[in-house]
Amino acid sequence: MDMLRLFFSPIILLCKRLLLAMPYWVLLLMALYLVSNIQILPPDERALIFRFGALQHRNSPQVVQGPGLIFAFPPPIDRVFRYPAQKVYSLSVDDLHVPRSPTGGFLTSKALDPEKVGYVLSSDHNLLHVRLALRYRIALPEQYFVRYAAPQKMLRSLILSSTVSQSGQRDIDALLTAGREKWVERIQQELEDRIEEQNIGVDVVSLEVLDVQVPNSVRTDFQSVQSAAVNAQTQEQEAKAYQAQQLPKAKSWANKEVNTATEFSLSTIAKANAEVAQLQAWEKEDSGLLQSRLYRERLRKIFSDIGSVRFVPPPKNDGMRITITEGK
Amino acid sequence: MDRRLNQLRVLLGIIAIIVIVISCFSFMVRQGEAVIRVRLGTVIETHQVSGLQLRFPWPIEELVRVDTRKRNFQSQNTEMLTKDNRNIILMSFVLWSVEDPLLFYQAVGELEEGDDKLNGLITNAKISILGGYDLSALASTDTKLHKYSEIEDKLQVAIRSIAKEQYGMRIHDVGLSRLSLPKENISAVFQQMRAERKQYAARFKAEGSQKAAEIRSRTDVEVAEIKAKAIEEAAKIRGDAEAKAARIYAEAYQKDPDLYRFVRSLDTLEDVLGTKSSVILRTDAEPFRLLREVK
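Just so you know, the protein sequences line up as chains A and B, in that order.
Okay, so the first sequence: first residue is 1 according to this note's numbering, each after it adds one.
Okay, so the second sequence: first residue is 1 according to this note's numbering, each after it adds one.
Quick caveat, the hints were computed from the structure, so don't treat them as lab data.
Heads up, a few of these hints could be off.
[Stated by the list, open to error] Cβ-to-Cβ under 7 Å is the rule here; a few derived chain B residues that face chain A:
id	residue
1	Ser50
2	Gly51
3	Leu52
4	Arg55
5	Gly208
6	Val221
7	Ile237
8	Tyr249
9	Asp271
10	Val272
11	Leu273
12	Lys276
[Unchecked claim] Reference listing, derived: stretches of chain A covered by chain B, where coverage requires no fewer than 3 residues with Cβ under 8 Å from a Cβ of chain B:
id	region
13	34-44
14	61-74
15	118-124
16	175-188
17	238-244
[Claimed, not checked] In silico lysine-lysine, BS3-like type, Cα no more than 25 Å apart, as pairs:
id	chain 1	residue 1	chain 2	residue 2
18	B	Lys244	B	Lys229
19	B	Lys211	B	Lys198
20	A	Lys256	B	Lys147
21	B	Lys83	B	Lys147
22	A	Lys240	B	Lys147
23	B	Lys147	A	Lys182
24	A	Lys249	B	Lys229
25	B	Lys244	B	Lys255
26	B	Lys227	A	Lys249
Each residue gets a CB set at the ideal place from its N, CA and C atoms; glycine is no exception.
Just chain A, same shape as in the assembly (with noise of 0.2 Å):
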């Protein structure tokens, strides 16, 4: 104990003098050094703290300072690294498609150089372009921050590399059309699981495929395509069209036809039966003076009708030969 005051003495005698030799502004300064990497924390920032390089409290929950008072010394002994906890990054890949002109339209290259302009193969060997981006959060910021140089860009050789190797299991029609929502989502998948092998600390929000085309110089050909099966429904609605018409048209002819046959029946046997019963009452006439009578008034009826009427005398004793002879 005596060993220890008298080395500390000089030191503590030192800083009495110090103290007391110190005007205070200079005392009000140095208080200020050392309280200011003192800082406060909104509730969107977390922080990392780095005593003399090391970060502090690694491995254990309490690596991720904040929100609120963060007490560190002041640099170059801490430094307090701060970042923005809740938000999502947002990471576009375009190495896959065609660049924009610096006039912001897109490049197009008939030869497709590797060097220029990028594109996915399919299954079936067909080109596509693709845009993909990335929202992401930061779940470790230890491993984020800190073990990576520079993580976007590691990011982004995941993405490509999932996106070629899920491409080359699908062919076109299928990245075009109806495959497509399981083709991102594979995508994702095998991203997040290398995200976790690698350890980089985020989690995937969501990937996005912002854009997928056939390059322009078949862009024709595919939009044909599209054309011929808009043609071939066209023909088989108006062949619906067609039967629609056609089949009400028939179904009211066969009805027009029973219903001129039902007619006819109808007509028929009451014609018949009116006819019948006009007998029946004649019948109860006198048989002579009926026939005549009816023979008479069907003469009158016949005659006025007719077209043209001409008498000839009987033949002669010679037979029936009947010499008709035009005249007045």
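Since the structure of chain A is provided, determine the placement of chain B on it from the hints.
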């Protein structure tokens, strides 16, 4: 006052000397970094634990700092031939870090040179490994043929030990980030794509025509069936009606055949003779003979 000022100057001087001495005899090892202490040309120690460490000041000791964080190296496009003689262009990436800082510093030097070393390793590995696979190993719907992951694993194995033993580098992951075709082959690929699309278009056209024709012919058959049934039914109705009428007439005939025949004859005459009929009668026919005999 002067005495106090002098005391202050002395004290500040002492503080400055203390700070300089501390900074000369200590250094920080930052997180994600390794520091090699070289004393008079001899490597004394490699510090990989972050924090404050002691040292002798320059020129007695020099410090070499090596970034040990994981880095991503993206290779250039490399053209190669697959087993089935298909020309392809591959770009790959390597995730690596410095595992042995001293070896890395001695064998490689700067981090950019590490990328160069890796470029050589990975290019060589790609050419030799891909020569054992068909193109279908990279692009195929058949999962049994698709060997993408297997190729990536093989690449990693191929460069891992050399990178570690020769350069002090640790390989964490290797992947293929781009698969392209030589631009000289692109026109052939486009031709294939066009031919395929033409085939699809022709198929759609044929299918559309076939379906339309089927619907139309089915419709025509249904229409014919409907009409035939209607004609059959109508004929039956008419036939039944005429049979019934005939029965009715037959009953009437049974009762008074003469009257029935007479009336039917008159009906026939009325039906047969019309406005276009010309009748030639004898002058002695009834009742027209009255036209001669009445004086």
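Results of checking the hints against the structure:
1. Ser50: holds, 4 Å
2. Gly51: This hint holds: B/Gly51 lies near chain A, its Cβ roughly 4 Å from the closest one there, short of 7 Å.
3. Leu52: At 4 Å from the nearest chain A Cβ, B/Leu52 passes the 7 Å test, so the hint holds.
4. Arg55: Check failed: Cβ of B/Arg55 comes no nearer than 13 Å to chain A, outside 7 Å.
5. Gly208: B/Gly208 check passes; min Cβ-Cβ to chain A is 3 Å, inside 7 Å.
6. Val221: Hint violated; B/Val221 Cβ to chain A Cβ min 11 Å, cut 7 Å.
7. Ile237: For B/Ile237, the interface hint holds, since the closest Cβ of chain A sits about 4 Å away, which is under 7 Å.
8. Tyr249: With Cβ-Cβ at 6 Å, under 7 Å, it holds.
9. Asp271: B/Asp271 check fails; min Cβ-Cβ to chain A is 10 Å, beyond 7 Å.
10. Val272: Hint on B/Val272: violated, closest Cβ of chain A at ~9 Å, above 7 Å.
11. Leu273: Check passed: Cβ of B/Leu273 comes within 5 Å of chain A, closer than 7 Å.
12. Lys276: Holds. Min distance 5 Å.
13. 34-44: violated (count 0)
14. 61-74: violated (count 0)
15. 118-124: Coverage by chain B holds here, the residue count being 7 at a Cβ distance below 8 Å.
16. 175-188: violated (count 0)
17. 238-244: holds (count 5)
18. B/Lys244 with B/Lys229: This hinted pair holds, its Cα atoms lying about 22 Å apart.
19. B/Lys211 with B/Lys198: holds, 20 Å
20. A/Lys256 with B/Lys147: violated, 72 Å
21. B/Lys83 with B/Lys147: Answer holds: B/Lys83 to B/Lys147 is near 13 Å, not above 25 Å.
22. A/Lys240 with B/Lys147: violated, 49 Å
23. B/Lys147 with A/Lys182: holds, 20 Å
24. A/Lys249 with B/Lys229: Between A/Lys249 and B/Lys229 the Cα gap is close to 14 Å, so the pair holds against 25 Å.
25. B/Lys244 with B/Lys255: Holds - the C-alpha atoms of B/Lys255 and B/Lys244 are around 17 Å apart, at most 25 Å.
26. B/Lys227 with A/Lys249: Between B/Lys227 and A/Lys249 the Cα gap is close to 10 Å, so the pair holds against 25 Å.
The structure fails to meet hints 4, 6, 9, 10, 13, 14, 16, 20 and 22 from the earlier list, while all remaining hints are met.
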